[in-house]
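K.L.:
Take a look at the letters that make up each chain.
Protein chains: 2
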Amino acid sequence: MSKIHNFSAGPCILPPQVIEGAADAVTELNGIGLSLIEISHRSKDFVAVMDEARQLVRELLNLPDRYEVLFLQGGASLGFLTTAYNFLSPDGKAAYVNTGTWAKSAVKEANFVGKAEVVASSETEGNKLIPEIPHVGSDYDYLHITSNNTIYGTQYKSFPKPDCNLICDMSSDIFSKEINVEDFALIYAGAQKNMGPAGTVLYIVDTEKLGKSNRPIPSYLDLQIHIKKESMFNTPPVFPVYASMLMLRWLKDLGGVKEIATLNRQKADLMYSEIDRNSLFVGHAEAAHRSDMNATFMLKDENLGAEFDEMWKAAGISGIKGHRSIGGYRASMYNALPIASVQALVDVMKELESKKS
Amino acid sequence: MSKIHNFSAGPCILPPQVIEGAADAVTELNGIGLSLIEISHRSKDFVAVMDEARQLVRELLNLPDRYEVLFLQGGASLGFLTTAYNFLSPDGKAAYVNTGTWAKSAVKEANFVGKAEVVASSETEGNKLIPEIPHVGSDYDYLHITSNNTIYGTQYKSFPKPDCNLICDMSSDIFSKEINVEDFALIYAGAQKNMGPAGTVLYIVDTEKLGKSNRPIPSYLDLQIHIKKESMFNTPPVFPVYASMLMLRWLKDLGGVKEIATLNRQKADLMYSEIDRNSLFVGHAEAAHRSDMNATFMLKDENLGAEFDEMWKAAGISGIKGHRSIGGYRASMYNALPIASVQALVDVMKELESKKS
Numbered sequence: 001m002s003k004i005h006n007f008s009a010g011p012c013i014l015p016p017q018v019i020e021g022a023a024d025a026v027t028e029l030n031g032i033g034l035s036l037i038e039i040s041h042r043s044k045d046f047v048a049v050m051d052e053a054r055q056l057v058r059e060l061l062n063l064p065d066r067y068e069v070l071f072l073q074g075g076a077s078l079g080f081l082t083t084a085y086n087f088l089s090p091d092g093k094a095a096y097v098n099t100g101t102w103a104k105s106a107v108k109e110a111n112f113v114g115k116a117e118v119v120a121s122s123e124t125e126g127n128k129l130i131p132e133i134p135h136v137g138s139d140y141d142y143l144h145i146t147s148n149n150t151i152y153g154t155q156y157k158s159f160p161k162p163d164c165n166l167i168c169d170m171s172s173d174i175f176s177k178e179i180n181v182e183d184f185a186l187i188y189a190g191a192q193k194n195m196g197p198a199g200t201v202l203y204i205v206d207t208e209k210l211g212k213s214n215r216p217i218p219s220y221l222d223l224q225i226h227i228k229k230e231s232m233f234n235t236p237p238v239f240p241v242y243a244s245m246l247m248l249r250w251l252k253d254l255g256g257v258k259e260i261a262t263l264n265r266q267k268a269d270l271m272y273s274e275i276d277r278n279s280l281f282v283g284h285a286e287a288a289h290r291s292d293m294n295a296t297f298m299l300k301d302e303n304l305g306a307e308f309d310e311m312w313k314a315a316g317i318s319g320i321k322g323h324r325s326i327g328g329y330r331a332s333m334y335n336a337l338p339i340a341s342v343q344a345l346v347d348v349m350k351e352l353e354s355k356k357s
Numbered sequence: 001m002s003k004i005h006n007f008s009a010g011p012c013i014l015p016p017q018v019i020e021g022a023a024d025a026v027t028e029l030n031g032i033g034l035s036l037i038e039i040s041h042r043s044k045d046f047v048a049v050m051d052e053a054r055q056l057v058r059e060l061l062n063l064p065d066r067y068e069v070l071f072l073q074g075g076a077s078l079g080f081l082t083t084a085y086n087f088l089s090p091d092g093k094a095a096y097v098n099t100g101t102w103a104k105s106a107v108k109e110a111n112f113v114g115k116a117e118v119v120a121s122s123e124t125e126g127n128k129l130i131p132e133i134p135h136v137g138s139d140y141d142y143l144h145i146t147s148n149n150t151i152y153g154t155q156y157k158s159f160p161k162p163d164c165n166l167i168c169d170m171s172s173d174i175f176s177k178e179i180n181v182e183d184f185a186l187i188y189a190g191a192q193k194n195m196g197p198a199g200t201v202l203y204i205v206d207t208e209k210l211g212k213s214n215r216p217i218p219s220y221l222d223l224q225i226h227i228k229k230e231s232m233f234n235t236p237p238v239f240p241v242y243a244s245m246l247m248l249r250w251l252k253d254l255g256g257v258k259e260i261a262t263l264n265r266q267k268a269d270l271m272y273s274e275i276d277r278n279s280l281f282v283g284h285a286e287a288a289h290r291s292d293m294n295a296t297f298m299l300k301d302e303n304l305g306a307e308f309d310e311m312w313k314a315a316g317i318s319g320i321k322g323h324r325s326i327g328g329y330r331a332s333m334y335n336a337l338p339i340a341s342v343q344a345l346v347d348v349m350k351e352l353e354s355k356k357s
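Protein chains in written order, with this note's numbering: chain A, 1 to 357; chain B, 1 to 357.
Calculated directly from the structure, the hints in this document are not laboratory data.
One or more hints might be untrue.
For identical chains, the list gives no copy identity; a pair is met inside one copy or between any two copies.
[Said to hold, decoys possible] Taking lysine to any residue and the SDA-like style, the derived pairs with C-alpha atoms no more than 25 Å apart in a straight line are: (1) Lys104 - Asp45; (2) Lys44 - Glu20; (3) Lys212 - Ser279; (4) Lys108 - Gln224.
If you're wondering where the values come from, they're calculated on a predicted model, not measured in any experiment.
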């Protein structure tokens with residue numbers, strides 16, 4: 001299984017240890033004679049899993065005590081709604097930055113709840129960059145951003161400093177680099193890129209900023225209810241939480257977020273250096289806004305596509321076809337992707353160039 | 001592993017084939033060199049899983065074409081809200097039957113959206129029965145019921161016939177017995193009892209009844225959006241859907257719902273016969289309303305508790321402690337529980353009686 005270079009944009013590559021550990025727990029958990037997936041979520045064995053997962057998030061991101069950690073369901077798509085219910089007051093307004101598909105969906109859901117305004121957008125530039133963001137004042141309840149765009153391959157290099165709460169959908173780059181959590185009132189992230197398999201979504205919330213939206217909130221969307229129930233308001237997604245816990249353990253053992261950030265930087269440098277050097281390819285996103293997670297690029301001559309596709313497939317590379325909305329190629333280099341996989345892709349790009357010169 | 005008699009109330013026992021198949025797919029799916037949990041949900045391998053799962057639901061419940069099948073997230077708890085958004089109109093009202101904890105939660109969430117009235121309740125009887133339900137007319141948008149109560153051990157033996165839509169939370173008895181789906185506008189059910197592991201929730205909806213609530217609906221709660229996207233509006237919970245698909249395959253191979261209903265009836269008969277026969281025990285729920293899924297019972301003399309607990313634990317029995325709200329014992333006998341496990345429990349009950357007589 002180790003021979004496939006898995007560049008899938010998400011759900012995506014997970015470390016072999018995580019996959020093995022997850023399969024083992026499905027067979028039997030902790031030698032208790034039962035599978036992980038057939039025991040009560042309130043059994044001591046699973047409560048320990050949930051506790052460890054939440055604690056690992058605290059450790060890996062150096063969370064101050066006032067932050068709470070939740071593992072819920074519904075992905076970022078439900079997170080868009082949850083965000084607005086918990087932070088957007090009936091008389092208030094929220095500022096949103098539109099950097100592409102998911103950011104736009106976030107605005108739509110927020111507008112269901114209250115007043116959401118787009119204060120900056122990269123739409124006219126085809127979302128090839130992170131737009132200039134005007135200063136957002138305390139007349140807004142929050143500023144919402146999407147830290148990384150998987151489709152266009154853009155990523156914030158630094159975060160805005162509004163005079164209101166900052167909220168971030170970090171689904172595609174959480175745990176990939178160091179962040180200062182205290183800059184954020186709320187971070188949420190679907191697990192299925194850097195944190196684990198599909199089926200759970202992480203919330204990291206500043207409890208001092210919570211509970212001020214002054215509106216009724218449906219129970220499942222009420223973060224205060226989930227905090228009170230320690231992520232067990234209803235039956236949690238047992239397997240996705242377990243596998244995420246294993247992934248967080250793996251990250252801790254590796255040296256934590258600081259160490260993975262170095263590795264991710266090396267992978268991105270290797271990839272983008274080749275895209276810029278190779279005469280046959282051109283990068284899609286603007287250089288200053290390129291994502292370390294998802295490198296998007298095109299062949300200058302599309303006629304070489306069939307040959308290139310055959311070559312990378314023969315090299316055991318999988319999942320680099322670009323999103324249907326922009327075409328070309330996308331190399332997703334999430335936490336678990338080894339640099340050897342990036343090297344394999346780079347080698348194929350070099351080989352194509354030497355065949356054509 | 002086969003020696004444990006797993007009576008867990010949910011998440012609960014799954015067939016060994018399902019557990020083995022799920023563990024195998026986590027290790028590697030279909031010989032593709034990748035794990036189930038690290039491939040795109042839009043890859044042909046996973047799309048085939050989702051399609052098969054939905055198709056198996058259709059087959060097992062003989063769904064007419066106008067019904068659609070969805071695998072979503074958030075459990076029944078989010079289903080309470082989804083139900084009201086999709087079926088409760090701004091000027092309308094919904095009728096609810098309160099048969100305990102979950103039914104009550106359903107009312108609460110519906111009241112967030114619109115007007116929900118409790119038309120029948122078993123609360124004053126300690127939820128030991130399914131109450132008489134008055135005829136519900138077409139002046140209601142729908143009548144909502146909860147087919148089985150896991151805590152109190154009650155279950156509908158037949159369903160009401162209102163002159164409005166009938167909606168049912170079948171989380172704890174779906175696929176356990178034959179039903180006429182055409183009686184229902186909507187059925188929803190968390191997977192983690194009879195259908196699979198925790199982390200996905202099934203919706204079966206009559207599309208001719210859908211889209212008439214005449215109110216804006218947040219995207220994740222809009223069943224029409226999920227239908228249009230074939231359960232792929234956002235990243236689905238890949239592993240829970242896969243394991244549910246295996247469980248549905250297992251049920252089909254076994255002979256389908258008709259066959260499992262016979263087996264479930266045999267288990268329930270064996271269990272309740274002993275509860276009624278044994279001089280040391282008394283059933284909790286009223287006999288006419290007893291659940292085939294969850295048998296609740298007490299020791300007449302609580303002083304025998306420690307001895308009984310020691311005996312069933314020694315017999316390899318797990319998970320029969322009653323819910324904290326009513327105490328006593330609860331034997332959950334979901335689809336995957338072998339009758340041999342019920343026999344093992346019955347044997348221990350007999351043994352206790354013979355020791356005491």
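K.L.:
Look at each hint and say if it fits the structure.
P.N.:
Here's how the hints hold up against the structure:
In this homomeric assembly, Lys104 and Asp45 never come within 25 Å of each other (Cα to Cα): the closest approach is 40 Å inside a single copy and 29 Å across copies. For the homomeric pair Lys44 and Glu20, the shortest alpha-carbon distances inside one copy (22 Å) and between copies (23 Å) are both at most 25 Å. Neither within a single protomer nor between protomers do Lys212 and Ser279 lie at most 25 Å apart by alpha-carbon distance, with minima of 55 Å and 57 Å respectively. For a Cα distance limit of 25 Å, the shortest separation of Lys108 from Gln224 qualifies both inside one copy, at 23 Å, and across copies, at 17 Å.
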